[in-house]
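Chains as they are written, first to last, in our numbering: chain U, 1 to 123; chain H, 1 to 123.
I should point out that these hints are in silico values taken from the structure, not numbers from a laboratory.
It is possible that part of the hints are untrue.
Copies of the same chain look alike in the list, so a pair counts if it works inside one copy or between any two.
[Claimed, not checked] Taking lysine to aspartate or glutamate pairs in the EDC-like style, the calculated list, with each CA pair at most 16 Å apart, reads:
| no. | residue 1 | residue 2 |
| --- | --- | --- |
| 1 | K88 | E75 |
| 2 | K63 | D120 |
| 3 | K88 | D120 |
| 4 | K63 | E2 |
| 5 | K88 | D68 |
| 6 | K59 | E86 |
| 7 | K59 | D31 |
| 8 | K63 | E4 |
| 9 | K88 | D31 |
| 10 | K59 | E77 |
| 11 | K63 | E19 |
Protein chains: 2
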Amino acid sequence: METEYHSTNLNEKLSLFSEHWSPKIVAQMNDYHFKVAKVEGEFIWHDHPETDEVFVVLKGQLKIQFRDGSVSLREGEMFVVPRGMEHKPVAEQECHILLVEPVGTINTGQVVDERTAPQDVWI
Amino acid sequence: METEYHSTNLNEKLSLFSEHWSPKIVAQMNDYHFKVAKVEGEFIWHDHPETDEVFVVLKGQLKIQFRDGSVSLREGEMFVVPRGMEHKPVAEQECHILLVEPVGTINTGQVVDERTAPQDVWI
Chain U
1 METEYHSTNL NEKLSLFSEH WSPKIVAQMN DYHFKVAKVE GEFIWHDHPE TDEVFVVLKG
61 QLKIQFRDGS VSLREGEMFV VPRGMEHKPV AEQECHILLV EPVGTINTGQ VVDERTAPQD
121 VWI
Chain H
1 METEYHSTNL NEKLSLFSEH WSPKIVAQMN DYHFKVAKVE GEFIWHDHPE TDEVFVVLKG
61 QLKIQFRDGS VSLREGEMFV VPRGMEHKPV AEQECHILLV EPVGTINTGQ VVDERTAPQD
121 VWI
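From just these sequences and the hints, can you work out the full model?
Structure representation (structure tokens):
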């Protein structure tokens, strides 16, 4: 008997929620999570001292500000924020992103505030 | 003075080469590589005993066969092949994919044949 395996459709996952800045886990590879998020407006300055962080834009545009510059990402573009580098993501309009980072990475890094999202939320 | 940071455009990277089954590294996150590849036809049966492997379809369709079933991926869909699981990717027509796997992962796993691509090729 054939086993049925299922792909993960990123847009389908994104259609299941509407809140901003609240990444949802869609897949795990070794000890890394793949997460989708909807973002709009300005996030907070933060960094992840222990890990790089991957941003891939699936829809819209994202700007990631650094203390000494910035990078702009359009659909189909990615950027790796190096570990320990302070950054602030900003999206003028709603933007859909894919994040790749180690299991347990907190969205606000070492800062804990009202933007700190619950961890380990699968969708 | 502002530092200029540059995004990685996946389609732009894919436009730079035409050969099939020869993944090119486009980014590194910690000890993982993000690679783009063009695939068409049948690959070989292989597995990666030490690591999971992520496939994301950027264009076209990919089927991944397993010994006991298969999964079909369309554009915007992903799948994590578990470590140690024998698999054979197949694309009826040219398909563009993004792979995520540890630095040094060999495309043919434990098999070495004419499909074994050079490692560590950045584009």
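Going down the list of hints, with the structure as the test:
1. K88 x E75: Classified as neither; 19 Å inside a copy, 29 Å across copies.
2. K63 x D120: Classified as neither; 25 Å inside a copy, 29 Å across copies.
3. K88 x D120: Cα proximity of K88 and D120: none, with 22 Å in one copy and 31 Å across.
4. K63 x E2: between (45 Å within a copy, 15 Å between copies)
5. K88 x D68: within (12 Å within a copy, 45 Å between copies)
6. K59 x E86: Intra 24 Å, inter 33 Å, cutoff 16 Å: neither.
7. K59 x D31: neither (26 Å within a copy, 27 Å between copies)
8. K63 x E4: Between copies only: 12 Å across chains, 39 Å inside a chain, cut-off 16 Å.
9. K88 x D31: This pair counts as neither: shortest intra-copy Cα distance 25 Å, inter-copy 24 Å.
10. K59 x E77: Intra 10 Å, inter 14 Å, cutoff 16 Å: intra and inter.
11. K63 x E19: neither (19 Å within a copy, 33 Å between copies)
Comparing the model with each numbered hint stated earlier shows that hints 1, 2, 3, 6, 7, 9 and 11 do not hold.
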